[in-house]
Structure formats: C-alpha cells, structure tokens
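Asks: What follows is each chain in one-letter form.
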Amino acid sequence: MVNEDKKTLARMINGDLTWNELKPIISGRKDPNRFDAILEILQEKVHWAEKILLPLHEHLYIVSKNGSRIVKCDCGFEFGDYRENWKTKCRVRVRDTYKALEELYPKDMTSDPEWEVLREYFCPGCLALLDTESVPPGYPTIFNFLPDIDMFYEKWLGRKAPDK
Amino acid sequence: MSKTLIGWNGKSLKEMLEESEELIEKTKRYYGIEKLSLKEKDPFRYERAYASLRGALVSARETALHVAASPIVKEIGELCFALYTPEGDSIVVSTGILVHVHTMSEAIKFMVREDYEDDPGINPGDIFLNNDPNCGNVHTTDVQTLIPIYWEKELIGWAGGVTHQIDAGGITPGHDLVSAIQRFDDGIYYTCRKIGSNDRIWKDHMINAKRAVRTPMYWELDEKCRMAGNLMIRDAVLDFIKTEGIDYYKRFMREAIEEGRLIVLERVKERLIPGRYRAASFFDIGFKNEAWQPRAKIDKISNMPIEIVIGEEGGISLTFDGASGSGPNPMNCGKGAMEGGQWVLLTQILIYGDKVNDGAYFAVEKEYPLGTWCNPGDPYLSYQSPWGNLIPAYTGMMKSISYGLFSRGFREEVVPGYGFTGDAIQGGGFYSSGPLKGERWSLSTFEISGQGLGASAVRDGLNWGYAMWNPEADLGDVETWELFQGGIPYLARKIKPNSPGHGKYRGGANYEGIAMIAYSREVDFFGAKEGLCFHGSGGMHGGYPHGTGYRLYAKNTNMKDIIQQQADYPLGDPDPSNGQFEKYLKADITRKPYCSIYPIILENYDLVHFAMSGGPGYGDPLERKLERVKQDLDDGIYTKDIVYNVYGVVAEYNEAKEEWKIDESATKTRQEELKNERREKSLPFEEYWEQERKKITEEKLCEAATRMYSESLLLSDKWAREFRAFWKLPDDFQMEVK
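Just so you know, the protein sequences line up as chains G and U, in that order.
Numbering-wise, the first sequence is residues 1 to 164 according to this note's numbering.
Numbering-wise, the second sequence is residues 1 to 738 according to this note's numbering.
Keep in mind that the hints are not guaranteed to be accurate.
[Stated by the list, open to error] Mimicking DSS-like on lysine-lysine, the simulated pairs with C-alpha atoms at most 25 Å apart in a straight line are:
1. K107(G) - K555(U)
2. K269(U) - K6(G)
3. K51(G) - K65(G)
4. K355(U) - K30(G)
5. K694(U) - K99(G)
Simulated from the structure, these hints should not be mistaken for laboratory data.
Kindly generate the complete structure, drawing on both the sequences and the hints.
Replies: What follows is the structure, encoded as structure tokens:
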C-alpha cells in the first residue's frame with residue numbers, strides 16, 4: 001500500500017513528479033483514502049468557497065451551491081445543474097475545413113472534414129479548452145459522464161454527501 | 001459415436017452448461033457460489049493451488065512458443081493458453097494475447113450447445129480446431145486448439161491455446177484482409193472441428209490445412225505449438241488432482257471464477273464512481289474508390305457509441321446501442337471479438353493482477369444490438385478484419401473508465417485511449433533470385449505491437465511502446481522482420497513528427513518506416529488503419545486526437561540508379577506537404593489521404609511508406625509546460641510550425657548548441673493571441689447548435705456520414721429518439737443515401 005503524502009499528491013496533480021516518483025504510485029496498491037486526500041487538495045486550490053462534491057474535470061467541479069449541485073470552473077464560471085451537459089454552456093469552435101484542421105496537424109494527418117469535424121469546447125469564463133470532440137458533422141454533443149453522487153457517498157463511502 | 005454422458009454425476013455437458021447459466025441468472029453469482037469456502041478454510045492451500053496452475057499455464061506458453069514457426073508467435077509471443085471448466089469458463093490463464101481467453105470460452109460453449117458430446121463425440125485424447133469468428137473467435141487468422149481433460153470417466157475441463165497466423169488462405173495474402181467482403185473471402189474456416197484423436201493430429205487434416213494456406217510451414221508448426229502447450233496443461237491439471245484431490249479441484253474451479261467476479265466488483269468500487277458514462281468512436285470505411293467488388297464500393301463511417309452504467313454493486317453494464325450496420329466489408333465483429341476486446345481492456349486498465357479469469361466476463365452485462373457491426377447475425381459476411389471496428393470502439397470504454405478514475409482521484413491511471421494497432425502493412429511475394437528463389441515471403445511486420453499510448457492526467461503518453469491487443473509492446477527489431485520478409489528490406493525507420501495528440505500532456509509518439517521491394521516477383525501490398533476520421537474517441541479534457549494515417553508509395557522509381565550512384569533517397573515523410581519522395585525520387589508517387597487500401601502490385605525498387613500511431617492527448621495544450629515543448633522539439637516529436645499553432649510556443653533552433661531555444665516573451669504574446677482567437681472563432685453554444693443543425697436539415701452531409709446516420713436511426717429507436725430530440729427534429733425524421 002502506498003500512502004502518498006499530501007505534498008506528493010499535490011505535485012502529482014501539477015504534473016511535477018518524476019517517473020521514479022510516479023511509478024510506485026501507478027503500480028502499487030491504491031490508498032483507500034485517495035479520494036478524500038485529493039478533494040482536500042483541490043478545495044484548497046480553488047479560490048471560491050463552495051464545497052466540492054466531486055472533481056469532474058481538470059478545470060471543472062461539481063459543487064454545492066444554495067442547495068443545488070452545479071458544475072463550476074476553477075475560474076469561477078458556473079455551468080448550472082450537473083445533470084445537464086456542461087458542454088451546452090460552452091463556447092464552441094468547429095474546425096470543419098482543411099485550412100482550420102491543418103493549423104493543428106500536417107497535411108494528410110487530419111480527418112477529411114466532410115467525414116469528421118473537430119469541435120473545441122471553451123469555458124466562457126477563462127477560455128480554457130475543456131474538451132474536443134472528433135465526430136462526423138451533425139453528431140449530437142456527447143454527454144460524457146453523469147455521476148450518481150448520492151450512491152457514491154452513501155453506498156460506496158458509507159456516509160452522506162457533504163451537502164446532505 | 002459416443003453415447004456415454006461425460007458430465008458430472010451422470011449429466012450431459014449441455015445439462016451442466018444450462019445448470020450453470022440458471023444458477024448465474026438466479027443468484028447473480030458464478031455457479032451460485034455464496035461463499036469462498038476453500039479460501040476461507042485454508043487460504044494458503046487455495047493460493048498455492050491457484051499459483052501452481054497459473055505457473056503451469058505460463059510455463060506451457062513459454063515452452064510451446066519455441067515449437068512455433070510464425071515470427072509473430074516466436075518473436076513477440078502472439079499466443080496464449082487458458083484452462084476452462086467443462087462448460088467453457090476460464091479458470092486460469094497464461095500471459096500473452098489475452099484477447100483470446102474468452103474467445104475460446106465461446107468456442108467450447110458452441111461445442112457443448114451443439115451436442116458434440118453425442119456427435120462427433122468428445123473423448124479423451126480428442127483434438128478440436130476452431131477459427132470461426134461466429135463461434136468465439138476474432139478473425140480466421142487466429143487459430144485455436146482445444147483438448148478435453150478427463151479424470152476417470154468425467155470431463156473435468158478443457159485446455160486451449162491460440163496463435164496468430166500470417167495467412168489463413170483468404171482472398172489475398174495477409175492476416176487482416178481489407179478486400180474480404182464475405183465469408184468465402186476469409187480463408188479456410190474450421191468451425192470447432194475435430195482434427196485428431198489419441199493426442200495425435202490426423203494426417204488428412206494436416207494435408208488439407210497445409211494446402212489451404214499460403215504459409216504451410218508456419219501453420220503446421222504452430223498447430224504443434226498449441227498442442228504441446230495444451231498437453232503440458234493437461235499434465236499439470238492431472239498432477240494437481242493427484243495432489244489436491246478431484247473434489248477439491250471441482251470446488252476450486254468454481255470458487256476461483258467467483259473470486260474473479262468479486263475482484264472486478266471490488267476494484268470498480270475502489271477506483272470508479274457509479275453513474276452513466278458515454279463516448280463515441282468512429283472508423284472510416286472509404287471503399288467507394290478502392291473496392292473491386294461492385295457491392296463493396298461504399299463510403300461509410302462506422303458509428304460506435306458506447307454507454308456504460310456502473311451500479312451500486314460495482315457491476316458494469318455496457319451497450320453499443322446506436323451502432324451503425326454490418327456490411328460487405330471485413331470489419332464485422334462476432335461476439336467472440338466483442339467479448340475478447342472488452343475482457344482484454346478490463347484486464348489492462350482495471351483488473352490487472354493474478355486472479356484474472358472469466359469472473360471478469362460475468363461481472364459485465366453487455367448489449368450488442370442485432371444487425372449492427374458488433375452483432376451482424378449473419379455468418380456469411382466477412383469477419384476477416386474486425387479490428388477496424390473493434391480497436392476504435394473500445395477506446396470509448398477506456399475513456400469512459402478514465403472519467404471515473406479521474407473523479408475518484410486516481411489521475412495517474414487515466415488513459416483516454418490508445419493508437420490504432422496499425423499501419424498493418426501486409427502482402428508478400430516470391431523471391432526472384434538468390435538462395436531462396438521461388439520461395440514465398442510474407443509481409444506481416446508486427447511493428448504494430450508498438451503504438452503510442454494516450455496521455456494520462458499527470459504525464460505524457462508512452463511513446464512507441466503500447467498495444468492493447470498484443471502481448472509485447474514493442475516495435476520489434478528491423479533485422480528480425482527482414483529475416484521473415486526479405487523481399488521488402490527497410491530503408492529507414494525514424495520518428496514521425498507530429499504524430500501525438502496535443503494536450504497539456506501529449507499522447508505517445510511513434511515511428512515511420514520506408515521499405516523497398518527487392519529480389520522479388522508477384523508482390524502484393526496493402527495496409528489498414530484509420531485515415532479520413534480521427535482514431536477512436538479522441539482526446540480527453542481538452543486534449544486532441546492524434547494525427548491520422550495516410551498512404552504513400554512510389555512505383556517505377558529510379559532507386560536502382562540512386563543505389564548505384566549512392567545518391568540521397570527518402571528516409572521518411574516528416575512533412576507530407578513537402579515530401580522527400582517528391583524531392584529525391586523520379587517515380588510515379590501516390591499519396592492518398594486514407595490508409596486502408598485494397599491490394600496493389602509492386603515491382604522491385606518500388607518504395608512504400610508506413611507509419612505507426614501516436615496516442616490521444618489530455619488537457620489544454622496551452623497549459624503544457626514550456627520545458628516539455630522544448631524537449632518535444634529537441635526530440636523531433638513536434639515541429640516548429642505545429643508548436644507555434646497549437647501550443648503558442650515560439651522557438652528557434654540553435655545550430656551551434658544543436659538544440660531549440662524558446663523565446664518566452666514571444667511565446668507569452670503568441671499564447672495571448674491564441675486565447676483571443678478562441679473567443680473570436682468560437683460561438684455561443686446556441687449559435688453553434690443552429691449552424692450544426694442546418695447540416696442535417698439542409699442535407700449537407702457527405703454520403704459516408706449520411707449512410708452512418710441512416711443505419712443508426714433505423715437500427716435503434718432509443719438512439720434515434722435521442723438524436724431527434726437533441727436537434728429538435730420531427731419524430732419520423734430519417735436520413736437516406738441518395
């Protein structure tokens with residue numbers, strides 16, 4: 001069992017661990033308290049006060065606010081109810097021409113834009129690139145992850161969610 | 001014909017299988033096992049028992065592969081062995097190509113359901129051969145040998161081994177035949193056929209098999225390899241029973257599988273979050289201008305939406321509802337392929353450990369909708385290269401599980417996906433001169449076993465060192481491949497610039513190769529990989545998919561003169577818009593934006609290019625640390641123009657120091673420009689939605705996309721309802737290829 005200290009975990013989140021430091025964390029037995037340890041680090045990291053219920057993304061968190069559970073960016077932008085796809089509150093760029101695609105990839109190493117486009121979803125608050133979708137034109141925006149927060153806390157962790 | 005029942009306690013095998021399935025259905029536990037009583041009573045004995053069997057299987061594999069002849073078996077260990085219950089559930093497995101552990105399970109169950117016990121009989125010493133994708137296989141070039149294991153008069157299990165062949169006698173030489181469109185193109189089919197008795201392979205079978213394939217020596221020695229491994233396993237099981245007793249063995253096999261199932265549930269609850277996960281992957285089947293056969297001249301995108309629901313107990317429920325249809329192409333997948341793919345993915349990213357068996361299979365509920373590419377329901381279609389759909393499809397599972405791993409705090413385990421196990425170049429010819437004149441050589445480089453892995457949430461993806469589907473994450477040595485495919489020696493192998501998916505953490509990078517036809521005649525050549533669509537389900541949390549494949553070759557070249565004059569020749573294709581082929585060669589050069597091509601004929605001195613895959617990226621590229629970008633430039637992973645456009649990094653090469661230097665001030669300005677560009681070139685979601693919707697309502701989609709949507713809309717009411725609801729389309733909205 002590897003019980004990483006808080007400092008090590010914080011360095012891992014920042015991508016600062018060397019391979020020799022990271023390897024035992026990857027291959028070792030996992031710390032059952034990892035979730036709480038990471039949550040504590042992230043809560044200290046964000047500049048707003050709402051309680052994080054679940055880290056959802058590199059920049060996004062499901063937080064408790066005024067009795068609701070909403071998705072919030074670390075920049076402070078609020079995406080609304082976590083049960084709705086946060087991407088529907090994003091700014092979106094669709095790269096659907098060779099010119100736009102070949103800014104990112106060499107010739108012949110991109111999709112044919114008639115077959116597949118590249119969508120970029122940006123946070124309206126900080127313009128961080130939150131997601132890309134490589135999909136045929138006309139494909140519905142994908143709702144990647146809808147967690148069952150209460151089942152997680154109550155049935156798996158054996159305690160109420162922090163907002164309950 | 002045998003009439004003696006060979007099951008336990010006077011039952012038939014079929015009755016045993018039905019009883020097992022009823023118990024699972026009723027109790028939701030394997031064989032109704034409520035308590036791991038052997039483990040609880042004497043855990044040391046139980047663990048020793050498991051380890052002894054596991055060791056026997058690993059030993060069988062390591063020994064047997066030296067009997068094999070196929071280079072991909074001998075060199076990279078493209079084989080595996082497993083021990084099964086009488087009903088066909090795997091108890092213990094070897095190392096190796098684990099995708100086949102559950103495929104062989106389906107083959108055994110096929111024989112049980114078809115009453116092989118009665119006819120043709122399952123007797124001690126019998127040998128069965130299977131390579132039918134509709135009876136628990138992936139494609140015909142994966143060949144399975146299964147033998148029953150008896151204790152006194154009862155069948156107590158099966159030993160099974162599988163190896164991958166270079167050729168199975170299909171429509172063209174090769175192991176993933178792009179041009180196969182029906183069963184009759186796939187090569188020789190062995191549908192769970194008895195091929196031997198008294199531990200000896202029948203002579204008439206071997207004569208027939210060797211005449212049915214293009215590589216008879218590989219076939220024969222690989223059959224003997226699988227048989228050798230199986231006999232070692234049988235001996236080990238019988239020794240086990242002599243030591244532990246038959247009653248212990250019978251109980252042990254049930255408990256080991258139930259423990260395997262419980263391990264999955266516990267691991268899911270340890271690592272993930274309950275809820276609903278979704279991803280979608282795609283693959284381009286661009287055969288309108290490639291196919292020889294009129295009905296195969298179709299452009300189409302395969303739609304591979306995946307939904308995973310994780311419930312309270314930790315069980316995984318998975319569906320490919322919404323998948324597009326099957327068709328006249330080799331990418332159709334049978335159940336064995338789907339189960340095998342899922343099983344091998346789970347064993348790598350979630351339930352890796354020593355207790356790996358079909359408990360993992362029983363912990364997952366799955367739905368493969370009938371009529372789709374993942375369950376065609378038609379044994380007469382081609383199943384020769386299901387990997388075209390299977391490999392991208394399961395990136396969606398990897399990505400979905402990664403969302404759970406991330407939220408649970410295990411960022412180091414996140415992997416959004418992996419590179420396509422391509423470019424699988426294939427074909428072959430005959431030596432036209434030299435000591436091997438007249439002998440056939442086969443092109444089947446398994447460089448594809450070394451692909452780029454996706455980035456994680458804390459580090460870059462592994463370069464040229466991962467293949468979900470193959471046991472050795474290794475490109476292999478050029479010299480070794482040349483030994484077996486001497487008619488196409490390498491001219492170069494170099495890092496392929498700009499192959500990784502972009503991101504805060506980039507995907508793994510990879511290599512490209514150039515090879516030349518030499519001393520040969522009648523050379524066929526083809527390859528397979530994505531090209532018009534990005535691979536799989538792309539990047540994660542702002543990471544991008546990796547670059548696509550493409551096809552490049554040169555015919556009627558002046559390489560003979562170049563060699564005589566010792567002049568420069570292409571060493572790669574680092575910049576396809578300014579190619580070395582065009583710079584150095586006088587030749588008929590062909591570039592295609594897609595990678596999967598039907599076979600072409602090549603002559604001596606013709607050149608081919610092939611590139612392995614990168615991996616998808618993770619996170620916003622503007623957050624990548626500058627020292628990492630500098631390292632990428634120094635290593636030739638990315639080029640100056642790409643890091644400027646994507647990472648906003650301004651850099652110049654210092655000739656004297658032979659390294660790149662980043663201009664931090666100019667980089668800061670450039671990154672601000674890119675941020676502004678994000679605002680200027682993006683739209684609020686509502687406006688994007690309006691624009692995107694018009695592509696559907698104004699019928700602006702290409703044939704390939706229209707065909708994909710029309711099939712998915714017809715094949716799934718649920719998917720169609722969600723599609724129409726998202727775009728606010730009429731309830732009867734359909735699409736039609738005109």
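Asks: If you draw a straight line from the CA of K51(G) to the CA of K65(G), is it 25 Å or shorter?
Replies: holds, 8 Å
Asks: Is the hinted pair K107(G) and K555(U) satisfied, with a Cα-Cα distance of at most 25 Å?
Replies: holds, 22 Å
Asks: Has the given pair, K694(U) with K99(G), been kept, meaning a C-alpha gap of at most 25 Å?
Replies: Status holds; Cα separation ~21 Å.
Asks: Run the distance test for K355(U) versus K30(G): straight-line Cα separation, threshold 25 Å.
Replies: Satisfied, since the Cα-Cα distance of roughly 17 Å is no more than 25 Å.
Asks: Against the 25 Å threshold, does the CA-CA distance of K269(U) and K6(G) hold or violate the hint?
Replies: Holds, because 23 Å separates the two Cα atoms, which is no more than 25 Å.
Checked against the numbered hints above, the structure violates none of them.
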